[in-house]
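*Asks:* Heads up: the sequence lines are chains A and B, in that order. For the numbering used here, add 64 to where a residue sits in the first sequence, where the first one is 1. For the numbering used here, add 64 to where a residue sits in the second sequence, where the first one is 1.
Just so you know, these hints were derived from the structure itself, not from any lab. Idealized CB from N, CA, C, for every residue including glycine. Treat the hints with caution; some may be incorrect.
[Said to hold, decoys possible] Only part of the chain A face toward chain B is listed, based on derived beta-carbon distances under 7 Å:
#	residue
1	107
2	449
3	451
4	452
5	468
6	532
7	598
Spelled out from the first residue to the last, the chains are:
2 protein chains.
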Amino acid sequence: MKKFLRINMADKSAVFSAPPQGMELFGGRALIAKILNDEVDPKCDALGKENKLIFCVGLLADTPAPCSGRLSVGGKSPLTGTIKEANAGGTFAQYLFSLGLKAFIIEDQPADDDWHIVVLGEDSVEFLPAEKYLGMNNYELVACLQQEFGAKISIASIGCAGERGYRNSTVQITDPDGKPARAAARGGLGAVMGSKKIKAFVIKEKGNYRGEMLDKTAFAVRNKTYSKALLGNHVVGGLRALGTAVLVNVTNGMGILTTKNFSKGTFEHAEAISGEHIAELQGDRNGVMVHACHPGCIIKCSQIYNDADGNYLTSGFEYETIGLVGANCEIKDIDAIARIDRMCDDLGIDTMDAGCTIGVAMEAGEIPWGDGEAAIQLVQEMIDGTERGRILGNGTETAGKHFGVKRIPTAKGQALAAYDPRGLKGTGVTYATSPMGGDHTCGNVIGMPGDPADKEGKVELSRNAQVAMALMDSLGMCIFASFAFENPENIQLLAEMVGAKYGGDWDIEKLMGLGVQCLSLEKNFNRLAGFTEKDDRLPAFFSEEALPESGNVFDVPNEELDAALPF
Amino acid sequence: MKKFLRINMADKSAVFSAPPQGMELFGGRALIAKILNDEVDPKCDALGKENKLIFCVGLLADTPAPCSGRLSVGGKSPLTGTIKEANAGGTFAQYLFSLGLKAFIIEDQPADDDWHIVVLGEDSVEFLPAEKYLGMNNYELVACLQQEFGAKISIASIGCAGERGYRNSTVQITDPDGKPARAAARGGLGAVMGSKKIKAFVIKEKGNYRGEMLDKTAFAVRNKTYSKALLGNHVVGGLRALGTAVLVNVTNGMGILTTKNFSKGTFEHAEAISGEHIAELQGDRNGVMVHACHPGCIIKCSQIYNDADGNYLTSGFEYETIGLVGANCEIKDIDAIARIDRMCDDLGIDTMDAGCTIGVAMEAGEIPWGDGEAAIQLVQEMIDGTERGRILGNGTETAGKHFGVKRIPTAKGQALAAYDPRGLKGTGVTYATSPMGGDHTCGNVIGMPGDPADKEGKVELSRNAQVAMALMDSLGMCIFASFAFENPENIQLLAEMVGAKYGGDWDIEKLMGLGVQCLSLEKNFNRLAGFTEKDDRLPAFFSEEALPESGNVFDVPNEELDAALPF
């Protein structure tokens with residue numbers, strides 16, 4: 065992965081180059097943090113021409129490391145105002161590095177109103193007119209592009225949400241089946257892509273670059289052991305059988321399943337939205353419960369969810385969506401939730417923020433609690449672009465403020481995930497202090513030893529998790545591949561795998577240093593954007609209102625939060 | 065003015081106290097800056113319980129100094145996120161100090177949904193239920209309160225805008241005729257009042273406090289000379305004859321009359337919206353062209369604007385409203401503009417931000433340019449609280465972003481005034497660098513010597529104006545009373561007037577030090593709220609798009625802007 069590509073949308077120029085000196089050990093999320101720190105004014109308008117949109121792969125993307133084919137997308141977020149990296153499965157990362165590209169960077173924006181499809185080749189960039197695709201959502205768009213360029217292409221695209229600049233817009237990525245079901249979902253990067261008037265990136269076929277490795281044998285030996293350890297982890301078994309939806313019954317049992325706009329921690333209809341129920345349903349409907357979101361994934365927690373007629377409805381139907389669209393809105397109809405998942409992927413909005421958005425709309429009395437059909441109608445309004453739909457498309461914080469809701473479950477403007485921070489305080493610390501805003505993928509500590517509702521030690525737990533997740537996001541590996549970290553010997557193996565590819569002596573400390581460096585760059589960007597430790601807080605209601613089942617409040621002291629990421 | 069009053073809306077307590085030590089020489093805007101720095105977290109939610117809403121009078125409020133009866137209202141702004149002081153005429157300031165009160169501070173907010181009318185007396189505070197007044201706009205509300213408490217009362221109130229939390233909400237103040245036509249307009253402080261569930265403050269009658277003065281004779285002698293000099297200033301004559309609308313033909317002639325959402329500097333129908341035309345119309349309609357907005361005003365630039373039938377329509381109908389609702393929206397029908405002024409006062413929204421909001425809505429194609437009736441309908445939507453109306457009620461920045469408009473004429477989220485910064489660069493520097501966000505009253509340099517479109521020296525010009533305006537706002541004096549500053553001897557007189565009241569030797573430097581101190585406190589608050597010098601900028605289009613008539617762009621270098629307020 066020798067090349068960088070810079071695409072300027074003002075003059076439609078494209079320049080391939082060697083990566084700048086000293087960038088060899090920056091990949092994925094850390095590479096995005098480095099480029100944004102070096103090149104983008106943290107105070108810029110996220111939808112203005114000064115922002116840059118970066119697509120890149122991780123440090124181990126071009127290796128057989130398990131689950132290492134994640135695509136990182138980054139820029140300044142129009143949702144949070146912070147630095148932002150969102151990563152996704154799908155095929156695009158592998159296609160990208162096969163062109164010999166480590167990263168491509170979209171700069172500036174057109175002065176006119178002409179939209180483009182940008183076709184990337186090994187040494188070429190084509191800017192094709194996109195007029196005929198405007199107004200299309202992702203499923204139709206992808207079908208048309210596959211019609212035009214062939215079924216083997218890989219696509220990163222936006223729906224109408226990104227076109228319209230909804231601050232909760234995603235970049236959707238085609239999965240191994242060619243469906244736009246994987247998303248660089250969080251933080252509104254689809255709106256940044258739309259601000260640059262790019263409807264889709266297309267890679268027509270894989271290139272010839274196959275990666276470089278200093279010591280293939282050393283890598284292969286360690287990779288085999290690491291992968292075996294990962295597959296032996298007990299959580300991976302549950303994920304493989306039921307997808308991430310395995311968590312519904314787990315969190316409900318813990319009293320942290322986000323219910324009725326984070327007012328309760330248990331949902332009386334949890335069983336109806338559980339992974340177990342989905343597996344049963346999909347057994348009858350010929351769905352697929354073991355499915356890889358990207359080539360190279362060995363965990364396979366994705367699935368194909370068919371509707372009652374046995375036809376494809378959606379894929380990548382995750383616990384977070386089910387918890388936030390389902391329990392959080394008291395919707396018990398799993399097919400309605402799946403329908404909303406599909407509609408969100410199609411429109412190109414983050415299902416998590418959308419679930420919390422529907423939750424605050426319900427709290428405001430816009431639609432009744434638990435009414436799946438009314439929720440579908442709200443998403444339809446986002447698709448149709450009604451006045452209310454455009455507000456909802458801007459995410460939970462904007463919608464909550466618009467409707468005058470006091471209890472808005474966000475951190476730095478981004479909706480929290482489906483784990484109530486009062487009963488899972490380590491993840492609460494992550495929500496509050498992550499440079500990304502409320503984001504469980506930056507350091508979720510569910511399943512870690514100790515009482516999850518005891519505040520003691522949770523800052524350290526979150527810090528370690530945040531460093532490890534920043535590392536995985538920089539390697540381009542799925543965060544679930546870190547389950548092998550339960551045994552420190554496996555971390556050492558991973559360190560030596562990095563060494564086998566890039567050279568040098570690597571130990572756990574040096575490996576984790578990649579995560580620390582990433583977080584440090586991200587915090588620096590946010591600081592220059594105006595964020596201070598006072599922004600590293602959860603909404604007050606988590607401290608003031610106890611979870612009714614347990615009486616737990618979020619009580620990690622502010623001084624401890626301030627010390628969470630001392631980089 | 066010995067007393068402070070703290071009103072806690074959580075437990076409905078009220079505590080009178082002596083001002084804290086060392087606060088003697090803080091008044092008006094500076095007192096607000098001091099209290100907010102001492103007591104309010106700059107990162108707090110402006111509509112949350114941590115914010116405080118402060119009403120106070122200036123240092124010379126209880127003296128015969130000309131135009132010294134301005135009321136300052138302050139808090140953290142929900143519109144800009146900055147510190148905010150908005151001052152207004154009307155009778156409330158005089159009523160307030162007659163109770164012996166220098167300031168009252170509203171703290172916390174109710175846990176329940178009960179709204180209150182807060183009645184202030186010399187040693188008493190009553191919390192009366194406000195249910196029967198909810199949903200009323202200011203004109204109806206004030207009439208009902210006058211019915212209940214008598215015609216002599218003074219009122220500070222909010223309309224439905226403040227009730228609903230519109231981020232462009234005002235606090236309206238009754239004028240000497242008992243009409244709610246004066247506004248602490250900018251920055252959404254009406255929403256802060258609404259967040260504390262206060263519909264109106266009422267003072268039933270003046271109290272017995274008459275002020276204290278160390279050396280009455282020394283004050284009176286200097287005051288007489290100062291007042292005479294002020295009345296002799298040539299600008300004051302124009303203001304008295306035509307109101308601030310005298311500026312329409314002036315700015316149009318200079319090519320800086322904000323036209324068609326700041327895309328032009330001249331309006332072909334300027335004459336139809338000019339002060340000269342208004343004076344002619346009002347002559348026929350028995351309107352009043354020389355009218356004091358508060359007792360003690362000797363300039364009398366306010367007026368009473370009657371409709372075509374000779375009935376009262378509005379008062380305090382300012383150049384800024386006419387420029388931003390009129391020229392900026394290409395509306396030439398002065399009666400339609402006056403109608404919008406009345407509707408805005410009634411609903412309780414800032415006419416300036418509303419004018420720019422309608423401008424961006426027109427740019428987005430929501431209604432046609434120049435269509436006064438359609439603009440009235442948009443304001444009616446804000447009154448009715450339709451989905452679109454609620455977006456518009458949140459001001460220009462929110463509406464512009466919602467509609468996807470690129471050219472949004474705001475600084476720090478607040479709409480600019482009716483002087484295009486490309487042709488009046490000193491005021492442009494003020495827009496960019498004022499701690500209040502885009503605000504001409506913080507340092508307008510129109511009429512100052514030199515070429516207004518030449519960038520040289522404009523930072524110093526703005527700095528001096530900003531210091532002087534911060535001084536006037538702290539004294540409680542109308543900024544127009546600074547016209548006497550054209551002769552430095554008058555500034556010395558004003559310094560000695562402060563000395564005659566408070567003691568000590570005062571010279572120009574010490575007097576201006578009050579302004580510097582105020583700005584320094586405000587900048588400190590904003591810094592802790594996350595603002596940096598990168599926020600001290602105008603929207604890029606002012607640098608990139610030339611005014612068509614003159615070819616002028618805003619070209620004051622960023623490094624100079626960074627040095628504008630080195631306090």
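*Asks:* The structure should be examined with respect to each hint, and the outcome stated for every one.
*Replies:* Against the structure, the hints come out as follows:
Given hint, residue 107 (chain A) at the interface with chain B, holds; its Cβ is 3 Å from that chain's nearest Cβ, closer than 7 Å. Taken as an interface hint, residue 449 (chain A) does not check out: its beta carbon lies about 11 Å from the nearest beta carbon of chain B, beyond 7 Å. Interface hint at residue 451 (chain A): satisfied, since its Cβ lies 4 Å from the closest Cβ of chain B, which is below the 7 Å cut-off. A hinted interface residue such as residue 452 (chain A) counts as satisfied when its beta carbon comes closer than 7 Å to some beta carbon of chain B; here the least separation is about 5 Å, so the hint holds.
Taking 7 Å as the C-beta contact cut-off toward chain B, the hint placing residue 468 (chain A) at the interface holds, the least distance being around 5 Å. Given the 7 Å rule on beta carbons, the hint for residue 532 (chain A) is violated: about 29 Å separates it from the nearest Cβ of chain B. The interface hint given for residue 598 (chain A) is met, as the beta carbon of that residue sits about 4 Å from the closest beta carbon of chain B, less than 7 Å.
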